[in-house]
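Undergrad: What follows is each chain in one-letter form.
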Amino acid sequence: MPTDLDNMVKVFSRPKSLTDVRSTYCPGCQHGILTRIIGQTIDELEIAERTVIIAPVGCSVFAYLWYRCDAVQVAHGRASAVATGIKRADPKLIVLSYQGDGDFASIGTAESIHAANRGENITVIFVNNQVYGMTGGEMAPTSLVGQKTTTTPGGRDAALFGYPIRFSEMIAQLDAPVYVTRQALYDTKRIIDTTKAIKKAFTNQVEGKGYSLVEVLSTCPTNWHMKPVEASKHIADVVTKVYPLGDLVDRG
Amino acid sequence: MGEKVLMRGNEVIAEAAIRAGCQCYFAYPITPQAELLEHMAENMPRLGRTFVQAESELAAISMVYGAASVGVRTMTSSSSPGISLKQEGISYLAGSSLPAVIVNVVRGGPGLGDIAPSQCDYFQATKGGGHGDYHMIVLGPSTVPEAGTLTMLAFDLADKYRTPVMILADGMLGQMMEPVDLPDPVDITTLPKKEWATTGAKGRDPNIILSFDLDPEVLKQMNLELQRRYRKIERDEVRYEEAQTEDAQIVIAAYGTTARIAKTVLRMARDEGIKLGLFRPITLWPFPYEALKKLSQRVQTVLTVEMSAGQMWEDVRLAVAERADTPFYGEMGGVVPTPRGILNEVKKYAH
Amino acid sequence: MERSVVIAGFGGQGVILAGKILAQAAMDSGLAVTWLPSYGPEMRGGTANCTVVMAQESVGSPIVDEPTALIAMNLPSLDKFERTVASGGAIIVNSSLIDRDIEREDLAVTKLPLNDLGASVGNMRAINMIALGGYLKATGAVTLEVVKDAMAHMLEKGGKSKFIQLNVKALDAGYNAAQFRP
Chain S
1 MPTDLDNMVK VFSRPKSLTD VRSTYCPGCQ HGILTRIIGQ TIDELEIAER TVIIAPVGCS
61 VFAYLWYRCD AVQVAHGRAS AVATGIKRAD PKLIVLSYQG DGDFASIGTA ESIHAANRGE
121 NITVIFVNNQ VYGMTGGEMA PTSLVGQKTT TTPGGRDAAL FGYPIRFSEM IAQLDAPVYV
181 TRQALYDTKR IIDTTKAIKK AFTNQVEGKG YSLVEVLSTC PTNWHMKPVE ASKHIADVVT
241 KVYPLGDLVD RG
Chain Y
253 MGEKVLMRGN EVIAEAAIRA GCQCYFAYPI TPQAELLEHM AENMPRLGRT FVQAESELAA
313 ISMVYGAASV GVRTMTSSSS PGISLKQEGI SYLAGSSLPA VIVNVVRGGP GLGDIAPSQC
373 DYFQATKGGG HGDYHMIVLG PSTVPEAGTL TMLAFDLADK YRTPVMILAD GMLGQMMEPV
433 DLPDPVDITT LPKKEWATTG AKGRDPNIIL SFDLDPEVLK QMNLELQRRY RKIERDEVRY
493 EEAQTEDAQI VIAAYGTTAR IAKTVLRMAR DEGIKLGLFR PITLWPFPYE ALKKLSQRVQ
553 TVLTVEMSAG QMWEDVRLAV AERADTPFYG EMGGVVPTPR GILNEVKKYA H
Chain V
604 MERSVVIAGF GGQGVILAGK ILAQAAMDSG LAVTWLPSYG PEMRGGTANC TVVMAQESVG
664 SPIVDEPTAL IAMNLPSLDK FERTVASGGA IIVNSSLIDR DIEREDLAVT KLPLNDLGAS
724 VGNMRAINMI ALGGYLKATG AVTLEVVKDA MAHMLEKGGK SKFIQLNVKA LDAGYNAAQF
784 RP
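Residue numbers (our numbering), protein chains in the order written: chain S, 1 to 252; chain Y, 253 to 603; chain V, 604 to 785.
In short, the hints are calculated from the structure, not lab data.
Bear in mind the structure is a predicted one, so any value in this text is a computation, not a measurement.
Hints are supplied without guarantee of correctness; some may be wrong.
Stated by the list, open to error - Dumping the calculated DSSO-like pairs for lysine-lysine here, alpha-carbon to alpha-carbon at most 30 Å:
(1) S/Lys92 to Y/Lys412
(2) V/Lys763 to Y/Lys256
(3) S/Lys10 to Y/Lys454
As the list claims (entries may be wrong) - Okay, the calculated beta carbon distance ranges per label pair:
(4) S/Ile192 to Y/Arg483: 54 to 62 Å
(5) Y/Asn596 to S/Thr135: 54 to 62 Å
(6) Y/Leu466 to S/Glu207: 36 to 44 Å
(7) V/Gln768 to Y/Pro444: 49 to 57 Å
(8) V/Lys760 to Y/Tyr601: 44 to 52 Å
(9) S/Pro91 to Y/Asp457: 20 to 28 Å
(10) Y/Thr441 to S/Ala176: 31 to 39 Å
(11) Y/Glu494 to S/Thr135: 46 to 54 Å
All residues carry an ideal CB built from backbone N, CA and C; glycine is no exception.
Work the whole structure out from these sequences, hints included.
TA: This is the structure we're talking about:
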């Protein structure tokens, strides 16, 4: 039977809250998937006109380009503190603090923990790819033991550089956060799970419930020196053993 | 204007900020400016405004950066070691053209130093303490009432030029009490709207706050825009005071608390027949080079007096060049020069 | 004419508050005034002092080389500040705690047994007001009445109204025990 184009229904399109600017992420990087999920969520919740995106330092430094939303580019590690300032200045705004692992779990440790501990009514997305992507593949606080990076050429030696930090578990010990979860993007099910988690994290903020953190295990094929499919499999088989998936806190 | 009240310098700065319409204040406690936080902690929530005791000075200045992005009047305060931590955020504020007020109640340094009054952060404040080609407006109040009026002015200048503005006080000014006639509160609804602020992209294109561009040509243009603004500030915002300079042979160049102490020295010197005057920069950046240059043409000596090893002295010498002698007298480490100590120094140059 | 007074003693003797009340009274009397405390850890258990400078028009330096008066609540304060007082100035000493004579001969000395007087007004914490009363009599810097009002105003503001009567008594006790020594 010939296809009747006029009767076709568009069931999938670019979220309205995303711009046409081309991504600066490497091929196979999962920041792109995450960006789409965030755009879709902003569309669904109809919050684009009152959302402020915080673009951190790291691979997502250009995050201000992707969204049809106001955005603030901030200093390395300070995203959660800037988010605090924005949200306190105008609680009607929906604030997304989008942070990598170096930003959130190393140089911004104090800002990350204390924003969570104050229960700031913000949404934090913490992208854990176990490496410093932007600067050339150096060790992150989240790098696995034995992981080769440009600053651990012989593999991360725990005796010298410590262990992969389970930052979300630390945040989960606090009384204030309403939602802390770790998700991944290595297959369709995980992408659907992550989408649900991000929607919940934004909904919590819209409803004034308080601090939500979604940690997302993500790939860095470029600096891991893996093909994208191989990198996804690495997350599924290896990384999730160190960073188990699932909700850590859900008081929503 | 109401009736006079006796208040500490720190409290006056806090209260003036409130009256200037400061909506969000973020800070970390440090001596000798703790009363400033305490005044804000008590009064900001009562007025439905934001007070957050931050986890660090880094966080506090970053919160200021966030609040400034939204377009509200915002302030942080600290003392020397804490201001060092804030330099990152100040550089970002300057780079992103965000208005904010930063108060430094200076104490002795370097390192942990002490908690006594000092002026040893002049370089850091006026020459750009953080990274990059930037300046901020630096105001040096000399008395408690002036700390109030300059704090109000700081918010206006910050908004007018989209720049961080620093109040450079010192421990003595912060701790001492003096009668003040507090200025009337600003009606913030009458302030010009900040069209650039990230208040939500409703019915307009998104507003983006950033200090960043990887293209050197673009970043050069951003820098040139900052520099154009700095030239305008240098042209329009220089403030200074001259006292008894009409017939002066010797002029003390001093700012802040030191200038105030020097006012007593003027009286003592005049009693002894020494024609002494005072040149007091109020804006430390932009420094009143032209005014001091003019003055230096008709005096023999410009004696710089500071609570530092000679930081403003460099600007004084730039202004005076070879037109007059430019000796220096300074105290360090939190030692405050007394009127007699300064007078003895003046006498060395009185003939 | 500019008057200045250093009020010095142990932390806890109320020297900081006495200075504030005097400064408030000076302001209420229409004078220009500054109040400058010693501050920080120095005050925790150690000595404390403050300087009040009063003038008709405006106060220049809030720190003074030669104060026109000293209230020494203890011996270390006398030892530290006696030599600084301007010639012809006044010293109020707490003779309960200071048994040495004043070395300077060019000063008007008022000896007040503050601790004994404190016991007689019924509260040792009021000795700062006794000392201040003595200073007012000795120097005539501002009137006793305006100081009483300033004290009441400050205690009310601090939620300590119940101590007003005690402090009025203490100011009177110091004032009556001292001689006018211009």
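Undergrad: Hint by hint, note whether the structure agrees.
TA: Structure-based check of each hint:
no. : hint                             : result
1   : S/Lys92 to Y/Lys412              : holds (26 Å)
2   : V/Lys763 to Y/Lys256             : holds (22 Å)
3   : S/Lys10 to Y/Lys454              : holds (27 Å)
4   : S/Ile192 to Y/Arg483: 54 to 62 Å : holds (56 Å)
5   : Y/Asn596 to S/Thr135: 54 to 62 Å : holds (57 Å)
6   : Y/Leu466 to S/Glu207: 36 to 44 Å : holds (38 Å)
7   : V/Gln768 to Y/Pro444: 49 to 57 Å : holds (54 Å)
8   : V/Lys760 to Y/Tyr601: 44 to 52 Å : holds (48 Å)
9   : S/Pro91 to Y/Asp457: 20 to 28 Å  : holds (24 Å)
10  : Y/Thr441 to S/Ala176: 31 to 39 Å : holds (34 Å)
11  : Y/Glu494 to S/Thr135: 46 to 54 Å : holds (53 Å)
In this structure, every one of the numbered hints holds.
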